[in-house]
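*Asks:* Join these two chains into a complex; the hints should help.
Protein chains in written order, with numbering that gives the first Met the number 0: chain H, 0 to 544; chain F, 0 to 357.
Hints may be right or wrong, so weigh each one.
Stated by the list, open to error - These stretches of chain H come out as covered by chain F in the derived footprint (C-beta under 8 Å, 3 or more residues):
id, region
1, 117 to 126
2, 513 to 527
Stated by the list, open to error - Estimated spans, in silico, between C-beta atoms of each pair:
id, chain 1, residue 1, chain 2, residue 2, range
3, F, Arg-254, H, Gln-504, 52 to 58 Å
4, F, Arg-15, H, Gln-460, 43 to 49 Å
5, F, Met-0, H, Asp-43, 46 to 52 Å
6, F, Gly-40, H, Arg-280, 54 to 60 Å
7, H, Gly-46, F, Gly-40, 41 to 47 Å
8, F, His-193, H, Asn-290, 49 to 55 Å
9, H, Ala-407, F, Thr-130, 53 to 59 Å
10, H, Arg-193, F, Asp-158, 36 to 42 Å
11, F, Glu-197, H, Lys-345, 46 to 52 Å
12, F, Ala-330, H, Asp-159, 31 to 37 Å
13, F, Glu-60, H, Arg-399, 36 to 42 Å
14, H, Gly-270, F, Arg-254, 55 to 61 Å
15, F, Arg-15, H, Thr-422, 53 to 59 Å
Calculated from the structure, these hints are not laboratory results.
The beta carbon of each residue, even a glycine, is placed where N, CA and C say it ideally should be.
As a plain string of letters, each chain reads:
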Amino acid sequence: MLVKLKGGRIIDPAHNRDAVGDLYLENGRIVEKPDGREPDEVHDVSGKIVMAGAIDVHSHIAGTNVTLGRQLMPELPVLAAAEGQPILPSPAAWGAYATGIRYAEMGYTTVIEPAMIPTHAIEAHAEMASIPIIDVAGLVVLGNDDYTLNLLRSGNEKSDELKDYVAWTLSHSKALGLKVINAGGSEAFKFNARTFDLDEKVPEYGVTSRGIVEAMQKVVADLGVPHPPHVHCNNLGIAGNVDTAIATLEATQGRPVHFAHIQFYGYGKEGDKGFSSAAPRLMEAINKHENATVDVGQVLFGQTVTISGDILRQFDGRRSASPNKWTINQGDGNGTGLVPYNYKKKSFVNALQWAIGLEIFLLAEDPWRVLFSTDHPNGALFTRYPEIFHLLMDRDERARWVDSLPEASRQVSNLAGISRELTLSELAIITRAAPAKILGMTDRGHLAPGAIADVAVYTNQKNKTKMFSAADLVFKSGELVVRKGNVVEISWGRCYHVEPGFDSQIKRRVSAFYNRYYGADPSWFGVTEAISDHPDRFATIRCKS
Amino acid sequence: MDSTLERAAKLLANARFPIFGGLYTDIKGAMAALSLAQKLGGVIDHAASEGISRAARIMRETGATPASFGEVRNRADTVVIIGDLARERDPELLNTLFPRGKTLPRPGDNKRELILVGTKKGKTPPGVRVTEIGGKTTLPELVALLGASVREGRFELGDAALRRKIETAGARLRDSAFAVFVYDPAELEEPVLHTILEAVRHLVKTTRAATLSLSAPGNGEGVNLCSTWTSGLPVRTSFAHEVPETSIWAYETERLLKTGEADALVWIDALEGDSATPPTKAFRGVPAVILSARPVRAGRDDVVIEVGAAAADHDAALYLPPIAGIGIVKARSKNKNKPTVGDVLNRINALIDAKGAA
Numbered sequence: 000m001l002v003k004l005k006g007g008r009i010i011d012p013a014h015n016r017d018a019v020g021d022l023y024l025e026n027g028r029i030v031e032k033p034d035g036r037e038p039d040e041v042h043d044v045s046g047k048i049v050m051a052g053a054i055d056v057h058s059h060i061a062g063t064n065v066t067l068g069r070q071l072m073p074e075l076p077v078l079a080a081a082e083g084q085p086i087l088p089s090p091a092a093w094g095a096y097a098t099g100i101r102y103a104e105m106g107y108t109t110v111i112e113p114a115m116i117p118t119h120a121i122e123a124h125a126e127m128a129s130i131p132i133i134d135v136a137g138l139v140v141l142g143n144d145d146y147t148l149n150l151l152r153s154g155n156e157k158s159d160e161l162k163d164y165v166a167w168t169l170s171h172s173k174a175l176g177l178k179v180i181n182a183g184g185s186e187a188f189k190f191n192a193r194t195f196d197l198d199e200k201v202p203e204y205g206v207t208s209r210g211i212v213e214a215m216q217k218v219v220a221d222l223g224v225p226h227p228p229h230v231h232c233n234n235l236g237i238a239g240n241v242d243t244a245i246a247t248l249e250a251t252q253g254r255p256v257h258f259a260h261i262q263f264y265g266y267g268k269e270g271d272k273g274f275s276s277a278a279p280r281l282m283e284a285i286n287k288h289e290n291a292t293v294d295v296g297q298v299l300f301g302q303t304v305t306i307s308g309d310i311l312r313q314f315d316g317r318r319s320a321s322p323n324k325w326t327i328n329q330g331d332g333n334g335t336g337l338v339p340y341n342y343k344k345k346s347f348v349n350a351l352q353w354a355i356g357l358e359i360f361l362l363a364e365d366p367w368r369v370l371f372s373t374d375h376p377n378g379a380l381f382t383r384y385p386e387i388f389h390l391l392m393d394r395d396e397r398a399r400w401v402d403s404l405p406e407a408s409r410q411v412s413n414l415a416g417i418s419r420e421l422t423l424s425e426l427a428i429i430t431r432a433a434p435a436k437i438l439g440m441t442d443r444g445h446l447a448p449g450a451i452a453d454v455a456v457y458t459n460q461k462n463k464t465k466m467f468s469a470a471d472l473v474f475k476s477g478e479l480v481v482r483k484g485n486v487v488e489i490s491w492g493r494c495y496h497v498e499p500g501f502d503s504q505i506k507r508r509v510s511a512f513y514n515r516y517y518g519a520d521p522s523w524f525g526v527t528e529a530i531s532d533h534p535d536r537f538a539t540i541r542c543k544s
Numbered sequence: 000m001d002s003t004l005e006r007a008a009k010l011l012a013n014a015r016f017p018i019f020g021g022l023y024t025d026i027k028g029a030m031a032a033l034s035l036a037q038k039l040g041g042v043i044d045h046a047a048s049e050g051i052s053r054a055a056r057i058m059r060e061t062g063a064t065p066a067s068f069g070e071v072r073n074r075a076d077t078v079v080i081i082g083d084l085a086r087e088r089d090p091e092l093l094n095t096l097f098p099r100g101k102t103l104p105r106p107g108d109n110k111r112e113l114i115l116v117g118t119k120k121g122k123t124p125p126g127v128r129v130t131e132i133g134g135k136t137t138l139p140e141l142v143a144l145l146g147a148s149v150r151e152g153r154f155e156l157g158d159a160a161l162r163r164k165i166e167t168a169g170a171r172l173r174d175s176a177f178a179v180f181v182y183d184p185a186e187l188e189e190p191v192l193h194t195i196l197e198a199v200r201h202l203v204k205t206t207r208a209a210t211l212s213l214s215a216p217g218n219g220e221g222v223n224l225c226s227t228w229t230s231g232l233p234v235r236t237s238f239a240h241e242v243p244e245t246s247i248w249a250y251e252t253e254r255l256l257k258t259g260e261a262d263a264l265v266w267i268d269a270l271e272g273d274s275a276t277p278p279t280k281a282f283r284g285v286p287a288v289i290l291s292a293r294p295v296r297a298g299r300d301d302v303v304i305e306v307g308a309a310a311a312d313h314d315a316a317l318y319l320p321p322i323a324g325i326g327i328v329k330a331r332s333k334n335k336n337k338p339t340v341g342d343v344l345n346r347i348n349a350l351i352d353a354k355g356a357a
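Next comes chain F alone, as it looks inside the complex (with noise of 0.2 Å):
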């Protein structure tokens, strides 16, 4: 294990430019990681960072209008759920969302309502009212649409049936107690987002309203509020130079390895549950320190550190959609005999100050 951390260290401390990519770990994983990228001036991005970075940047332009799961179950009288993404990703998410049995008290009296819109219907909670705005019309005009509705604006569509769906969901709205509006960034692109937030904000002029961001996999959400109270930048963020910089086209892993620009990558697997492939295509000729916690195909070049698997082998702290928030997963079956990542990433950190002290 040692020489193999020698090896890792060694090659880290001789980059120019590594990027922590992957980073499917738990928050100590994370802290480990983005003390490091700062040491060496590198970036940190995550492997589903995609739809994290949007969200990101909308946050940084306008804002955002979240509620917590918690809210959504207990007191949303109308729930949208925007593309397919949401309900792939969660296959529970409607039995979440639509819980039997009592809930805490709720605001108005409406019935539940759940509105489809761009997805194709599957299978609905018993008892709740279904819209389902659809058909051949893509996803970002139905948003558009329905956002021009719930502002009672003007707006052409040839489609009577469709039209007529969209005004009464767009009326619903207005109606609702508390209307919020379910997605995954990942699938939305940033008008669109921004499209959901305006039509929120324009409900809440006078009723409530919100949104619910579905959490990225691989703890993407605690990674990602630990690059911010770290760095007070979210994840795809250099620290090369003094004051760090945040880009969600610059310090994306693929395309930093693709055009050369880091010349070294740190790939983090170790979930259990989800896993992060590394981008081995795009890597080849790039030296890799894999910590995985899953056997891994790799260069002759590249260090592979097996890791334990956060959850799995050892207690985590992650990110847990139900209370919205950082939460304590304990292990499976402790495993002691594996490190964690936080364990490996650190170690590597004092070789290298040793080797500079040298």
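Here chain H stands alone, though its shape is the one from the complex (with noise of 0.2 Å):
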């Protein structure tokens, strides 16, 4: 069936359009204008905003770790809706369904699980699949397992069983990228730290957080991976902690990298209480690092609950515990960390995050860069995203939100002293040509003929939250799955993943690993097609070597 959309604004900035026009869609791809046919559909969408479906490159949406997270707050929902966030009060609210349902209204079609466990990637895989609509990949994680370890072992630096392990893992959980965590400082914690630096060594393996970096690094471009090893450093949440942002930015040497939800660490320690923004100079760090891709993870106000892999940041975080409650799972690898938490906004840290994260969306020189998240639910819930998109948009609102603050933080923050706003071109950059780009999804993200029909069309208006809620029609894979901000039609997403190759020698090695170490087999957690129903559910990113 060829549909066309006749009229609407196109912004699309992989190919620097923004111009009035009419776009085709046809068997689930964009296509080009077709001589001499009339189309079966047609969409008056003139007057309206036309962009390609959003991708969301990092938000935690499924795994152990999510339902780690639903099992110790099922009442997070009713909570946040009760503050007037945009969610429904049901423990439900959040679950698997939900989160599809809610996404696609929001005009995202695409979302990345950036936490998915190696061993437990069948749970992840089969959450995923209870996710309707959208099109989902998960990153698999690596670097304080003790398979890994052992290999960067000081003096042990041997070989290509690194980067065959890698390239297992990858393959055997479907991932489609691959994720390191506070490198080395997992592994620490079970030695009792309760801190660790960018070159602390790691108990008994002698290897730093750095080395653990670097060679992740060089694996990940070795192997081909399209998307570079996507990296949360260690110090999160800690004042002063840019220094560490800055430092591993250098250790990078120029090789690819994304740095996840990196407002977390924009924090410098000056003031009365040690504690301010460090976002000009982070700013600048990574404005110069042309290697290095960013996602903010914005802070909001009110309640949500953190969730990470960073388990001796989050056994820290312990304590400010709100509601006062946490789980702290000491797994295999990294473990994870659970703790509820309500960022208010009379809190003089809590406005200086939610400020620094917008000083460093607005701060950035290149967009393609720096892309936009909330590091959901940490940040902020998902469903929140448009009241960032206004705040971005709109430094009127902006200054809204900075009257309310605190005044010690306003002080502090450099907010207020920027007028820019961003662009809908520069919007469509950070929440969807960019992460395409950065993933390797070169099929989505932009509107070009043989994309694939992706797209998300919006009514335009000054109030940008009401104007991003609800799209007026969404399309996955040419499909009409939305229409005036509600689900018509629940369709089923595909799962992205790469498959690198290598010498199978590895499997041997790691089964007989996992079996005196765990008394398990690796059989157990290698994610097959059967994980869905759905047929064509999984989706190879080829490597570039």
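*Replies:* This is the structure we're talking about:
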């Protein structure tokens, strides 16, 4: 069926396009205007904004850690809704099904789960397969697992075994890329470390955090995995951690890297309270390092729960749990920490975190390298993205928020002095084109013929919160799934992953390792097509080598 | 088969408040049961949900400090076994937790020790020092005394020998690099579970500690996880209203059947090994759809559907303790003639939809 979207303002920054025109969809793809054929269906979108479906590069939507969060905080949607957050007051509102529905209603069509545990990949994929409409992918976590650490043991830097192991793990868990969370820090926590820095050595193994990140960067580049290592640095959330972030950035030596939720590293320790915005310094460094991309991890005020494989940080964070309950899951590899948290506008620190995130977005010279995220649910629930778009695109809205902050936070933030407003094109870059580019998902994030027909249509209005909360129309793979902000058709998306090659010897070695130390067989956690009943569930993204 | 499924669909479509119990099934079976329960406004429960529900409630109230099997067997220097049930359920437990041969790097330089609280000694691993804390004192009291000792708190205890043991154990736990309390929550009341959790939370102020809660039989943890990612709530949840609601007491299978609140039962018993016998006495008078992998006695009006046993007749995703998560178990010999629980429930679901449309 040939569908025509007629007369909309097409915003496609991947092709420098911001102009009124028509868009044609057929067989799940965007197509050229066909000669001599009338469309089967025409949607008059004149006066509307037409963008590619949005892509979320970092959102905790599935897997063991998220479900532990649900077990700890079933009341999260109820508490959040009571504060006026846009979520239904039901425990099911952050279940798998509701996740797909709400994302689609906002015009999102692809979401990346950034912390899949290798041994728990089955659960992550089973959960992702229960999320309707959107396409998904998972990043698999390595770097605190004993197999990796053993290979990186000081004096043991040999052979291609790490490369084979990473390739095997990516394939076995059907992951799109590699995630490294506080490299070595979780292992150090097992030896009762309570802090862990870039150049500290992992107990018993001797390798440093820097060494782990460098090794993973090299391996991922050698394997040709399109998405660079997705790195969660050391010292998250600690005053003065901008130094860690910049040192980690410099350690990358020009090799591709993605830093997650960088807002949580934009902290200086100036001022009476020993906590200040280091966003300008951080952005100066990021602007300079063209090899690096980041997502922001913006904070909004209100109730949420923090979910992280950075168990060391979460253990420390337990003291600020609100409501006062927490879970520290000492699992294989990274483990997880779950700490409910309520960002308060009246809190000096929280208000500054909020401002630092926005400063980072607004100080970015190249929006292609500073991507949108709240690190859902850690900074804010994904259902609140439109509020942040509004803040980024409307300085009056920002000023209204800033005016309500504590005097002390206002004084040390640079936000009030920034007049920049993101344009629709820039928003389309940070929520569509750039995520697609860094994930290697070249078939989306843009609107050229040949692209997957993931399209969101919005009514342009000054109130960007309203505008982006409910898309007028959303097409997923060419199928109309949302009309006037409501899902009208349930479809089932695909799961994207890479299949880098490896020497099959690694299977025997990993098998012996799991057998000896865990009494387990790696075949138990190998993901196959059978995880989903939907045909063609999995699609491979090609590696470069 | 089709007419049997038609009868089942009719029975369930007419039900006002059906309960999906047993749930000895794999993840796909659980997903299909949840989908149908949500559609019909029913309840989901699991035959081994007593311990799961308690642990889930404590998790909601205050959190948890679990460790994986792998972490315990490789890195714990002190293992505290509380109660009998953990070893009754898993006779190999101590051999798993104290493997012979090399382990991964372990914190501290303590020799590994085993402390048995309120449980008979039985066979213990060779070369591991064992302390028994027991006698006539009840298990909840023993745990409370140990909790007090961990905190170096004062406690009354006439039995001097027991007192010495408890004080020594408390000191050992404080000196441990990674102490782990192992139990089956089905054996312990909630206050006891709280006491253990608080002892762990005291210890972690200075060192490392955790709990290892034995997983329920019948893929209980797997079904519970699936319930959580689907509905946001654990088993013993009702979908009768717009917002799902969980209650340990209100949505327990036998109670719902005995009181007549539930007017239909779907009973699922389809795993290799573990078996969940339908509560025949309790549900007499309540019509049932029984999905079973083994012969079952049923009432005249009941609909019995033979299904394959997960992990015997078909591959299955199940909770596997050694990886502390859901994994795939390959079928011993695939039997394509026997449908899976997921297949059957999804077909019933479609038949109910078709009836609604007609």
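*Asks:* Now, for every hint given, state plainly whether the structure supports it.
*Replies:* Comparing the hints with the structure gives:
1. 117 to 126: Holds: 6 residues of the region 117 to 126 of chain H have a Cβ under 8 Å from chain F.
2. 513 to 527: Holds: 10 residues of the region 513 to 527 of chain H have a Cβ under 8 Å from chain F.
3. F:Arg-254 - H:Gln-504: 52 to 58 Å: Since F:Arg-254 and H:Gln-504 have Cβ atoms about 56 Å apart, the given range 52 to 58 Å holds.
4. F:Arg-15 - H:Gln-460: 43 to 49 Å: Holds: the Cβ-Cβ distance is about 46 Å, inside 43 to 49 Å.
5. F:Met-0 - H:Asp-43: 46 to 52 Å: Given a distance of about 50 Å, which is inside 46 to 52 Å, the answer is holds.
6. F:Gly-40 - H:Arg-280: 54 to 60 Å: holds, 57 Å
7. H:Gly-46 - F:Gly-40: 41 to 47 Å: holds, 43 Å
8. F:His-193 - H:Asn-290: 49 to 55 Å: holds, 51 Å
9. H:Ala-407 - F:Thr-130: 53 to 59 Å: Because 55 Å falls inside the window, the suggested range holds.
10. H:Arg-193 - F:Asp-158: 36 to 42 Å: Given a distance of about 39 Å, which is inside 36 to 42 Å, the answer is holds.
11. F:Glu-197 - H:Lys-345: 46 to 52 Å: violated, 31 Å
12. F:Ala-330 - H:Asp-159: 31 to 37 Å: holds, 35 Å
13. F:Glu-60 - H:Arg-399: 36 to 42 Å: Cβ of F:Glu-60 to Cβ of H:Arg-399: about 39 Å, so the range 36 to 42 Å holds.
14. H:Gly-270 - F:Arg-254: 55 to 61 Å: holds, 59 Å
15. F:Arg-15 - H:Thr-422: 53 to 59 Å: holds, 56 Å
Figure legend: structure checked against the earlier numbered hints; the only hint not met is number 11.
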